[in-house]
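Visitor: Residue numbers (this note's numbering), protein chains in the order written: chain A, 1 to 284; chain B, 1001 to 1213.
Rather than coming from a laboratory, the hints here were simulated on the basis of the structure.
Note that beta-carbon positions come from the ideal geometry of N, C-alpha and C, so glycine has one too.
Heads up, none of these hints are tricks.
Stretch-level coverage of chain A by chain B, calculated; a stretch enters the list once three of its residues show a Cβ under 8 Å from a Cβ in chain B:
| no. | stretch |
| --- | --- |
| 1 | 132–141 |
| 2 | 199–209 |
| 3 | 228–237 |
Computed footprint of chain B on chain A; a stretch qualifies when at least three of its residues, placed anywhere within it, have a C-beta under 8 Å from a C-beta of chain B:
| no. | stretch |
| --- | --- |
| 4 | 77–91 |
| 5 | 240–247 |
| 6 | 265–274 |
From chain A, some residues computed to sit far from chain B (all C-beta separations above 12 Å):
| no. | residue |
| --- | --- |
| 7 | 54 |
| 8 | 69 |
| 9 | 105 |
| 10 | 155 |
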Amino acid sequence: MNIWKASRKLLMLLAMSALMLGIPATAFASSATTGTGWIRLAHLSPNTPAVDVYLYSFDNSTAMIVLHHVAYGTVSPYESVQAGDYSVAMRAAGASATSQPVLSTSVTVAAGHAYTVAGMGPESGLRLAVLDDDLTTPSGQALVRVIQASLKQQVVNVKLGSTSLASSLKFASVSAYQAVTPGTESVSVSAGGTDANSSVTLAAGTVHTLVVLDGANGLEIVNLEDASGSGQPPLGGVGTGFGGTAPHGPGSAVPWLVAIGAGGLLALTGGLRLRRNRQLHAGV
Amino acid sequence: MPTRRPAAALALAAGLLVIAGGATGLLLTRHSTPAMRPLAAGVGALPAPTAPIVAPPQSTSPKPVAAPVSLTIPLIGVQTKLLTLGLTSTGTLQVPLLSQAGVAGWYKGSPRPGSIGSAIIVGHVDTTSGPAVFDRLDQLTRGNKIYVKRADGTLVEFRVTSVQTYLKDHFPTEDVYGPVPDPELRLITCGGAWDYATHHYLSNTVVYATEVS
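Only chain B is shown next, with the shape it has when bound in the complex (with noise of 0.2 Å):
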């Protein structure tokens, strides 16, 4: 059936187009799409804040401390005033509204910046669209200096000691909540893969950070 040559012809030639086609889709498809995420650190870069610094706590005298009102961090051009968090009723850490992702919060079921203990604040690494307050924090390092205002006008500087990443399943609620003997800050943002399944990041990155003194 010679009628038939050029239709099978084309079936072979049409069908190799499309499994090329279906291979360069395939492999294109397979990279992910680098993050958003400005990765030069110190650009921005804020001058520290003035204003008087106080002495660190003396465990003889808790003296109460005022309550913290802005978050400085001049490396990565943080500067944010401080909400004021809670939980949720299921429990867990409230985190700024959306609309607010613009902000950090202190969470008020820890002790005030610069009393001693762990002080709590969190904040957004993003938003829908782009990078929130604290989109930034994964560049910190050792020695890096946070600065806490309080109500008072008084200043509290802190020094990052440490900064980790932990998957949230296996969070350690003890290490970032629970009682140290001196005054130390952790700043709490996502970080890790993000599920899209679910809509969240896999991991939380806590910086640690303690009162210089």
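Only chain A is shown next, with the shape it has when bound in the complex (with noise of 0.2 Å):
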């Protein structure tokens, strides 16, 4: 009885340790442990003089960036900022930190997106556009799309190739993103008679912004890259050990519960053996 009591207990601390080596690891995506997004500014209004752009968190008046004389046509690079809510305001370059903004939007960053806080349009109808940036690619793919800033000329025409990225785009206006084969290409950006000719690289895995900007003699492109990633990603997981450190587990258990059933076999028929031979004696 203690036997079967005592083994059943043993196979339940099997069944359980079993249960235990099977729970999952907990993982998180990166960016929700770390709880970060990120964020850039960019002055693309042709006819507004630089500005001074300052980053707020919600809740605090102390600015935790700050750009001095962002001129036309500049892209910050990407900041990592904390999920949340943040506020942008611009400045005319040099006024106080303390002086009332020109311009100014509030912001929410999530976790994993990245954010461009743009000021877009004339100067007379200036803004302040949040735009999502799509920080995802097709496997073997690229992705672009055209920031429209050029004033000069109020509708373009932009093509990679022979692909067309934005047909009559007009001034402070955003393409789609459109997923392209990776590759070295002509961008072309034509409009009435003025037409612009530049050369891209687009890698697998990157995401890139082609913004039209008035040039000193016409249209100028620039090609930012936003982001870059494995542009054909490994399957799977990776197999990076070979167990020699491994924790030895434990071995199988049937051996030992063999020998306790034998054991307890063999005791029980010596047991018997005993009873009937004593029952035998107090017979005679």
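Join the two chains into one complex using the hints; note that each chain is given alone, in its own frame.
Guide: So this is what it looks like as structure tokens:
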């Protein structure tokens, strides 16, 4: 009886440890655990003079980041920030940090997401646009979009090789993202009689923004590499161990249980035999 | 039959002995022997390498950076040259051979460390008999420093933002290999339980780091 109770207990223990080994390791997305997203600031209003751009965490009156004397055509690198609410303010270059901003807007940063906050439009109608920047590419492809920031040519057509990226794209607007075959291609911007050409390299696994700007002469194309990853993501996990430092797991319980069972049988037989002998002797 | 009595007693005694032996054996073998990995972080710490540190890249001028040649993680005593790795015929990430388990490798299909994007470096956690280059990777925590030296002699400094362990069956491909908009690094090795049937670790440990600007 006790033996069976003990074995049952052991079996329960074994079952429980097997269950514990099977419990999956806690896994969180990187951006979810660190809780960070990205934000960058840009000046894309052709006839607006240079500005100072301020980034504030929602509940803080002291700026986290101040970019001084940001001129037309400037796009800052992405800053990694905690997910949450922020505000962006623009002041004339050199204006006091406590002065009333020319413009301000709020932006909510989600973990793992990226945003471009850009001053857009003509000076008379300047606004701060918050753009949602894509950070995913179809496997083996590149992602590209166009920001139209030329006031000289208010409507443009943009082609990558023979692929149309944007047609009749109006001043101060942004095209949708388009997945394209990676490679080096010519970009052409046409508007009325004016053309601009450039060559861009779009690698697999990268996200690009092409910005059409007013140049000193005609139009200018700026190629921004927004994000980059593995063009061909490896499949599944990575086999990076040979087990030499792995804890040695418990061996099979079967031989021990068999031994216990056999011992039990032997003891039982012996015990019964003894009892019978005693009964026989008692009978004599 | 009095002659049978000693035999029966003997059987009973022997049976009980076998039960005791079996139970003892069972109890003694239910515990796993502990892993061989040293636990004290900071033992064998290395000084930070010195070389010109370059400014982080700008998205407006994505200048190509030089290929990575070596990796230093002072806290856990890692100092290794870097191999260049590709994909296997089945599309999984190539890893260093057993004979090169002391060396890590950079996946050439990922961005170069210090350029915009998520650069991938992998190394083994152990060999068949002892620790390998990344055996103490799981001891890194947020804020620890990682250095990558490049072919032009420049150095990129990264800081750990997070350390995660994932079951290989649920490997977060997008988080690890997907595009990011700033210069980042992911170090990958094995972790979790060792599967005695397939001779593979069931999990991967991934260290996420971003360039110090």
